[in-house]
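Starting from the known structure of chain B, arrange chain P on it as the hints suggest.
So the protein lines, in turn, are chains B and P. According to the working numbering, the residues represented by the first sequence are 6 to 434, in order. According to the working numbering, the residues represented by the second sequence are 6 to 434, in order.
Among the hints, a few may not be true.
Note that the list lumps identical chains together, so a pair holds whenever it fits in one copy or between two copies.
[What the hints assert, rightly or not] Listed next, the in silico DSS-like pairs over lysine-lysine satisfying Cα-Cα at most 27 Å (straight line):
id : residue 1 : residue 2
1  : Lys196    : Lys336
2  : Lys349    : Lys266
3  : Lys79     : Lys36
4  : Lys36     : Lys340
5  : Lys293    : Lys357
Worth flagging that the hints you see were computed from the coordinates, not collected in a lab.
There are 2 protein chains.
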Amino acid sequence: MKVNIPESDQKRVVIIGGGFAGINLAKQLAKSDYQIVLVDKNNYHQFQPLFYQVAMAGLEPSSIAFPLRKIFQKNRNIYIRVTEVLKIDKANNRLETTLGIMNFDYLVMAVGADTNFFGNENLAKYCIPMKSVGEALYLRNAIFNDYEIALSTDDFEERQGYIDVVIVGGGPTGVEVAGALAEMKKYILPKDYPELDNKEVDIYLVQSGDRLLKGMSDEAAEKALKYLRDIGVKVILNNRVVDVDENFVFMKDGTTIRSRKVIWAAGITGNKIEGLPDDCTVRGNRLKVNAFSQIECFDNIFAIGDIAYMEDAAYPQGHPQVAQVAIQQGKHLAKNLKRLSKGKDQVPFKYKDLGAMATIGRHLAVVDLPRFKTQGSFAWFVWLFVHLFSLIGMRNKVIVFINWVWNYFTYDQSLRLIIKVKERNGKKV
Amino acid sequence: MKVNIPESDQKRVVIIGGGFAGINLAKQLAKSDYQIVLVDKNNYHQFQPLFYQVAMAGLEPSSIAFPLRKIFQKNRNIYIRVTEVLKIDKANNRLETTLGIMNFDYLVMAVGADTNFFGNENLAKYCIPMKSVGEALYLRNAIFNDYEIALSTDDFEERQGYIDVVIVGGGPTGVEVAGALAEMKKYILPKDYPELDNKEVDIYLVQSGDRLLKGMSDEAAEKALKYLRDIGVKVILNNRVVDVDENFVFMKDGTTIRSRKVIWAAGITGNKIEGLPDDCTVRGNRLKVNAFSQIECFDNIFAIGDIAYMEDAAYPQGHPQVAQVAIQQGKHLAKNLKRLSKGKDQVPFKYKDLGAMATIGRHLAVVDLPRFKTQGSFAWFVWLFVHLFSLIGMRNKVIVFINWVWNYFTYDQSLRLIIKVKERNGKKV
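So here's chain B without its partners, still in its complex pose:
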């Protein structure tokens, strides 16, 4: 069965993935000569940098997820299909999806990356990833569910398993989750769970290297470490998690930590779709592309964002897998596709590093900008400002702003719901 999309004289660009890369590409092509089909398995774009706030009950999913159809409401050359791509049929320039067959003239892989458990089945089974709104909601539910169980658990050791949290990975996600949990412990727990002894709650952050926030400056790394320790996070450096089971975390140095909640933020791997030859794929399951984002050997298949691996003089080992690269590659590819349609030459991509930042807690953040570095209160306001204005849609900005202001003054959100989507007839929708 063919997916029902109007045939047109325009060449069709199919974009797989509505993340930062895919969205920015589609936006720039909105008024082009192409017919655009944007394919995603969700009907919304997710703002990854704030997943951790959903998990910590600081924001609602709807504040950081934005319906794809609403983003492109005014663009009549953009068709959205909510479906999963099963296979790329290169020979016939078409895709197999759960909705049916879909032709393309150009294909753009903007499929992103998912959590990497490095092939360890126990990690995959017991650890909690945080690479989607759905996973963030799972973590939120798990945290509050476990507090409820802990209240009725007399045994000290058993209770530790329910209330202690281990975060693996000292990148921005790990650091931000650890900071947010420490704030929850300080401000929320005593009010909501006065029966739990606050001092029993331990938050561990495990980083295999000797510093946090790899890729950011030494100043940022040192201050992040200091801030985290100041607010009570037990940061463990130069050690790593080698295995987990339902109740314990086993460390490389032979120690164990009792915890049923291990948040895994220690690596990502490209999302794989069947149909491209294996030699397109390099380390981390990324697709090797040239300076025009073309997957080598295929002049009509491109890859952008986390899934793409592009070497250039300034980044001989490829670009970092961050939002800014994805956004810039999306916009750049749009420019090249427009040039292509006018018979012009494509121009090579050049990444402009705008800096990096991470927040640890109230008035505590670290910011590296190209021209200056700052840590502390000012950095925190910079972080808030940048993230607020990066959100799609005025309504989301307003709602997130209100939530943050509310939280700032009351120290107390009211989103601590264990949300369940009811199943009917044995299935969720």
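Positioned in the frame of chain B, the structure of chain P alone reads:
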């Protein structure tokens, strides 16, 4: 195993259910001589009157659900336990719960009611109820999921199944859902799904009697019918749904409607907990109580709200199962329990009818108050005002207010997300 709740000299009142009845009872007992244990299977109170707005993507779950722990943060004699009650052990004055055994001196059944499918297995299997936030989210997901599938469905008849909706039951819920769907069809569909032919979308409201809104005035019923028909709802009176399968709805008069989404709002039945003798239970699975809300034969077990059946001179067939009765019974029982602790006589409950209202759409509502009736624009503002101020928590009021104002001016919410809570390890939390 015993549930870990501090032993105290105070007599313990266990309240099962954090709905309108349970919450209001607990609030009034917050500063009493009792130890209160509030038990619910969710960690939040749900504001039932606005479920339909969650289902229609007009509000987020967090706007109409409020964490129980936050409601009672300041009340140290109130203990909250998130668990399911499996059985009442009357002989020993204790409950069996999923967390363990729990003693009580007084037990209050505030367990509410759930959807009544009248024993029809097909109805229970295929129809969508709307008696919880989780069910409302299921409906939301189903609606938008089906629109996505409809886009790729060439066959007219098959497509009808995905886009047409049948609502069964002409009470406030049915009327409000039908009105909200008609508005979605008018304002949202053309923008989000320009590929779907708006005129193909049918919304049916089926009511077995010859009028809508039983229990409200004739004026309200007539205007509601007119408003619904004006905005395009196909209201079917004097007919009933006798059966459904995956694709069709079978009516009493022999006609069929092709629809995969049948919303069942045609009756409720009391939630049953094992352990009370059958002769306590009357029609609709309600528990028969005296004027003091005591279940007959047990002087320390009470029932309030939807689950309670109390006859009095003004209501010889029992009170209506609405929020106001639950709220008033909760408050009244608190008064009686306080009197009891002081050795005073209990006083009989008397229901004060504050009126009823339903909204159909923008500027369209019907309101019956004890002293006057009104329909249309003014009624709509009354409806908004009353519901806004009935919400718990200032933050929820503010967020809902912003959402409504936004919606009023833009005709377009941005909550149309198909939300899924990711499963891990084969389980949801």
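For each hint, the structure was consulted:
1. Lys196 - Lys336: between (47 Å within a copy, 25 Å between copies)
2. Lys349 - Lys266: Neither, since 54 Å and 51 Å both go past 27 Å.
3. Lys79 - Lys36: Within one copy only: 10 Å inside a chain, 56 Å across chains, cut-off 27 Å.
4. Lys36 - Lys340: within (12 Å within a copy, 67 Å between copies)
5. Lys293 - Lys357: Answer is within; shortest intra-copy Cα gap is 20 Å, inter-copy 73 Å.
The earlier numbered hint that this structure contradicts is number 2, and it is the only one.
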